[in-house]
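Student: Hints given; two lone chains; assemble the complex.
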Amino acid sequence: MRMCDPPGSLERDPNVNFAYLDERTKRMIRRALLKAVCIPGHQVAFGSREMPLPYGWGTGGIQVTASILGPRDVLKVIDQGSDDTVNAVNIRRFFQRTAGVAVTTDTTRADIIQTRHRIPETPLREGQILVFQVPAPEPMQRLEPRQSETRKMHGLAEYGLMHVKLYEDIAHYGHIATTYDYPVLVNNRYVMSPSPIPKFDNPKLNMSPALQLFGAGREKRIYAVPPYTAVTSLAFDDHPFEVQRWESGCALCGSRASFLDEVLTDDHGGRMFVCSDSDYCTSRQGADVRSVISDGG
Amino acid sequence: MAADSATPLLCARALRRLYGRIVALEEVSFELWPGEILAIVGESGSGKSTLLHVLAGQLEPDEGEVLFDLPGRGLQDIYRLCEGERRTLARTDWGFVHQHAVDGLRMHVSAGANVVERQMALGERHYGRLRRLALDWLQHVELDPARIDDAPVIFSGGMRQRLQIARNLVTLPRLVFLDEPTSGLDVSVQARLLDLLRRLTRELGLAVVLVTHDLAVARLLAHRTMVMQLGRVVESGLTDQLLDDPVHPYTQLLVSSVLPP
Ligand SMILES: Nc1ncnc2c1ncn2[C@@H]1O[C@H](COP(=O)(O)OP(=O)(O)OP(=O)(O)O)[C@@H](O)[C@H]1O
Ligand SMILES: [Mg+2]
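Taken in sequence, the protein lines are chains A and B. With numbering that gives the first Met the number 0 applied, the first sequence covers 0 to 296. With numbering that gives the first Met the number 0 applied, the second sequence covers 0 to 260.
Pulled out of the complex, with its shape left as it was, chain B reads as follows (with noise of 0.2 Å):
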């Protein structure tokens, strides 16, 4: 984590969002740093997902903004950019690693062409070198390179959240949204999961922010985190503080449901 930086990567203020009348986001205003990678978390219902999708630029809030920091122009908010810029920034220098990968895969396209999209959106047109790079990611994200030719319809839950992630990190984003990364994954998948997510953040001086309810994949992950509860933030702070000593009622009630003393 990049404490000492001058200027915060991504800067939520007094974020609002409503369907109806539920109000499913309200006041929600935090700083995310350069490397730094935040846990969201709370039950279902909390706002999560809302704010994840609002951060990522799919859904602009009622109010409030969301604030990056783009290279040479300092801090901007995204729904300010017209869609084409935000598009760009969407898939050069962020990912979105999505809950459900076939949300954020092409399932009958092969591993390789799912992981070197993006750079083929990016301009580049010489097919051996997409080729060596999609080899390259296969590895890095711990997937058999043979199996390169093949779509992940026919790929394991695991091994299709190792392409997901491979095909954001491609373009080395500065910042990566992760929904739920591990649930419906069996145990010992989950574990080797993290241990990857771990090693590539840490790695690419990644900045994330993770929405996740489990609080074991916080605890493993992340810097810092936030604790969601009926839109609003109720609690935030460093993870093991947090965790081990939580002030807020409902962070206690969540830890003490979810952590074995």
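If we strip away everything but chain A, and leave its shape as in the complex, we get (with noise of 0.2 Å):
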């Protein structure tokens, strides 16, 4: 059994309709999610509704993911990487005891993947869907609040204010420090918020088999980059774009190739580096490793 599998799995609560939302609702979203599709990184409006989670603990993605979920797909919900958070099993919790679905740690047997802060490791492959929990969808909104005027520079392809917050970053601290939520340019048009996962991921938005979807509760809005669409991160030809790197691998598994998290080890200042995607990491170090930790854990 996979670390985070549940003993002995949550039974479907008969009250409430398939995935909580109503089934008008669910259309509704789907709908979105088309038009979402057919213009890669334009957000599109919403009717969000109020679900039983506070803002800040992924309603847009759960409703996304509510929409598009079937009886027999396979779920995974990730935060920050992990499986085993707070905010992870609540939401899991939410779908089993919702829509009785089977769900997963194993990137690989997922269906439907729910993040937040994420992009697993291993890479996705076709028919695979990645559900996005977004805060703040608008990648303009801090230097141009007035929601009239970033709408209107989106569909004009007006996008010098992104650079102005590049070059602010080079003029303050020599390089871009941007290194969450780092903007994206989608299918050379639209310049999208990845939601706030390390730049170390933006590759892996590009040209991705999966499907990719984006929902934010608060903001009320949906956005897609469907499957093998172009997306780039935005930078300067002087300044290109990076990822993090580290000195040396995950202290678990000894990846060099996944991106890692400093966790204190005692009180003295003890520390060390490890994947932040725990499946990612369980999976690679084997199955004798992958019992300790739950046990641990």
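Honestly, the hints are just simulated from the structure, not real lab data. Be careful, since some hints might not be right.
[As the list claims (entries may be wrong)] Ranges of calculated distance between the beta carbons of each label pair, as one might list FRET restraints:
1) B/197 <-> A/244: 50 to 58 Å
2) A/141 <-> B/191: 31 to 39 Å
3) B/183 <-> A/84: 53 to 61 Å
Just so it is clear, CB atoms sit at the ideal spot from N, CA and C, and this is done for glycine as well.
Tutor: This is how it looks when you write it as structure tokens:
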């Protein structure tokens, strides 16, 4: 058994509609999703519903997942790369109770992966759907708070403002200091916020075989990157886009290809770097290690 | 002033604009030639700002048209261009210096980025070149290049106006709109800013539409002056002639009340 599969699966609650949302709402959201897929990177407004979770807990992503989930789909939920944070566990349980779907921590087995702040290290494949939870969908909002204006700028592809932000980074820090939610250009047309994933994950957005859907609950916006769509990270010619690098590999699995988190190991400043993607890390360590970690956590 | 030029740069034809029942503009027509500086003077509420916004593509007139000489296309009604075209025109071939700098600057973005934003919008993607351009323009408007990374929120009023000017001129526009560029500044700061404007307009051969209620500013900068009252142009002519020998009673009143004899 994978580490996060719950002991004895949760029973589906027969008193709520499949995946919680009513069918009309799901149809409305699916229409918004179709529109979003047709116009890659373009933010589509949708009638976001009240969810039994506060904003900031992924209500946008949950509504998207609820609208595309089928009874035979296998669901994986991650938060910062981990399957077993409170947020991930809650969302996973929510869909077990409301939809009775099978869940997994195994990236390769999942049909739908709802995520907050990471893209799995294991390459995705055709047929998979990655659902991002988005807190702030408008990449230009901080520099141009007027929504009427940002909408016009998207419409006319007036994106000089995005480079103002990168210019400011270089002027103040000597390099592009933005490390999360690093803006991208989708299909050579729309500038898009990739949600607060580390820029390390930005290259995975590009030409991904999986469908990538983005849901912002509070801001009532949905957008999408269809499979095999070009996604480029904004940069200057003389300050090209670069991803984070670490001096050594993961302390647990030795990977030099994954995004590492720093963890403290004692009270005396001891620390180590380990994979942020827990499923990737444990699967690399083999079954023995996996059960040890499972017992400890 | 290139008076021998074959076509005017900007052409206003019978402009009319109402606000409810208030007639803000009525029957306003004139031509502006390349390199020419035109002052619009008149008392408060006479329609100066309304006219400026109509000319600059920001406020559609109820009647009449605004024509601009587009490269290779000749005089075109700017309100018949699609919005994207008009906005591109506004940030390449035009400049607009606002009376209040907060309307024309990004107050919390560095001076350098304020200056080169237009270039980035036009697709310049080389930081080193943008940086050099920003430094050049800070010098052109006599701002200390050492302030390049400071945000205008900590600049004085005069410095903010200089920064606005640099930010607008960086694309070498042919036409600049100035709305009361020196009002609210100390007299000595005003004088230096006017000197700067006079130098830059000459060096760059800019055509300017300048709104001011200060006849001394018109006298110093403008080749031609247009006097407005209640939305109408009551008199226009060469600035010196008009101020020295006003014909219309309203102009006579303006001149006598503002300029000591
Ligand atoms: N947004 C508006 N709504 C209603 N009326 C307006 C509006 N803007 C201007 N007006 C009216 O139109 C007339 C012309 O105003 P405008 O601002 O163009 O004058 P102005 O010459 O620029 O005055 P000032 O010297 O005070 O700036 C005035 O009667 C003014 O009250
Ligand atoms: Mg005014």
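Student: Each hint needs a verdict: does it hold in this structure or not?
Tutor: Right, here's what the structure says about each hint:
1. B/197 <-> A/244: 50 to 58 Å: At 54 Å between Cβs, range holds.
2. A/141 <-> B/191: 31 to 39 Å: Hint holds: Cβ distance 35 Å, inside 31 to 39 Å.
3. B/183 <-> A/84: 53 to 61 Å: holds, 55 Å
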